[in-house]
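Trainee: Sequence:
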Amino acid sequence: MKLLMRLIGLQLAFFFCLGAEAAEYRSDLAVIEPGHWVEVRGRADKRGGFVAERVELVTPQKYQEVIGVAAISERGDDYISLAGLQVKISDKTRFRDLSRSALLAQKVQVEGRYRGQRRLSSRQISSRKAGRDRLLGRVDDIQWSAAGGQLTMLGIRVTVANGTTVRHEIPLAKMVRDDREIIGGSLNIDDDDDRFGEGVRLGDNASLTMRLESRATSEDNYNLDRDDAEDRLDQQLGLRARLEFTHSPQVRSRLEIKHQQLYRDDDEDGRFSRDETQLGEAYVLVRDLAPNLDLQVGRQDFDDPREWLFDENLDGVRAYWKGDRIAAELALASTFEGGDERDRDTRTAMIYLSNRDRRRHLAGYVIDRYVDQTESERRTHIGARAIGEWLPDTESWLELSYMTGRRGDLDTSGFGFDLGATLELNKWASITLGFASGQGGTSDDNHDYTFRQTELQDNNGKFNGITSFRYYGELVDPELSNLRIVTAGLGFNFDDHTSIDLVGNYYRQHRARDELTDTDLDEDPNGIDKDLGWEIDVIVGWEPRQRWDIEAVIGYFHPGKAFDDADSSMLLKLQARYRY
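Under mature numbering (1 follows the signal peptide of the UniProt record, and there is no 0), the letters of the sequence shown match residues -22 to -1, 1 to 558, in that order.
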């Protein structure tokens, strides 16, 4: 433990010596596209519109914001009218520097979620000094004219005069549009692992961004036998550097290099270190190659919001098409560099159809993976998902997947699902309940009825906190195969920069077998009992500054009857990231 703390201290001290303020960029009004998030300052007009005097491009935020003078709403006492929006106030609304009874005729700032039809559900209302009104949110539509542009955001038409300068602290190459809920990794904004800093500008059309990461991990008794010590202490240092190029408004490219150093102290393998440098993302993205069609070619990040399907860099071709209500993604990919032999011998084809609604996301997909080796294998997943806020203050998910395929001379098939919900109890706390099952049916000489995931999954996501984690257990971290998992979580958000998640998982095999699929545990069950045990995790997330995020994890696993004479195991992890 002393060595762990010493390594962590050295790396954090190194990181806190870094940092430089990012430059401000300026661009023409024409760079704004539907899906961008913008902050506009100006004034609300009498017709329910908004006249912008200053425009700034920003990265997508958790909440929309409105600043203006509060007025009486025609909807009743639970609402106020603000800059053309109807703002709902509930018992979950936090008040800062003012009381609910003193809202009217006051200059206020409201943070909340946009519900459509010019309605905003407030999370926090703060007092503001005199100044311009302000809107912060996603641009849903743009109409251009000789006089300038008319943006539609939060249901409000925002008039921006021609010649208005658009400010942004991040290079345009990093300003991804928030208009896709398909699994395009390069356009996924919810992935903590893909967040970089503002970077430095290299001429007019290029930028360099970097991310430094330090991670210390202590694994105690993963073989579930304290008489046979196999503990491990890892210290990892990572650097990722990205070059972003904007060749034209339609053509962008990215080149990323990743370097990692590992220092390991293992009770079984001894002490050693190794370092490796790999190619990260390296692609060209062409927007509007044809009407509503984008094309991405090269090594790219395949990711999805819950990483239940994907979290992997693959080499391939990916096409995105978006209609008014439906979006589609088609991809062909493999691994040409890096990975193991199985990765390089695997070909992946997929199609993903969605409803283009980030708040209530519906999608269906087909994912086919073929492994061309001595014993060939094919897995085809046909699935559907529903993710989002279907009930007020409740984020829920439903994952359904049927797998069919063949391994050598053996037919394979199975069904898996994951469903759950996170309910905000009040402005500070939330509760999560979930249940997941991967079939582990009977097998014979001709057919294996065991569900398997795609092999590209990471099972990593957020409940209601600021940091993501492995929701099937940070320590056990199993694949959902021949397994049933009951999940319960309690989350606390102290502010927008600090959260704590307390998460418990109970594991039970679908059918008793003497193996677990793709788990971090080093011990196999006895194949007689189904009760695998339970795990409890504490995940602390902290973002002290814009460029920093720090995560601490404590995991404890108590084995069940399926492990004979087994002892408990423990995980400690501390991770710090600095984005430049």
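Possibly wrong hints are sitting among the right ones.
Once the Cα atoms are required to be at most 30 Å apart in a straight line, the calculated BS3-like pairs of lysine-lysine come out as [stated by the list, open to error]: (1) K508 <-> K40; (2) K300 <-> K405; (3) K85 <-> K40; (4) K70 <-> K107; (5) K236 <-> K40; (6) K539 <-> K70; (7) K405 <-> K107; (8) K85 <-> K508; (9) K85 <-> K107.
Cβ pair distances, simulated, as ranges [unchecked claim]: (10) K107 <-> R179: 28 to 38 Å; (11) R303 <-> P227: 50 to 60 Å; (12) L388 <-> A8: 55 to 65 Å; (13) S68 <-> L388: 47 to 57 Å; (14) S123 <-> P370: 34 to 44 Å; (15) H536 <-> R179: 48 to 58 Å.
By construction, these hints were calculated from the structure, which means they are not laboratory data. C-beta: ideal position from N, C-alpha, C; glycine also.
Trainee: Of all the hints numbered above, which does this structure not satisfy? Sort the numbers upward.
Mentor: Numbers 1, 2, 6, 8, 11, in rising order.
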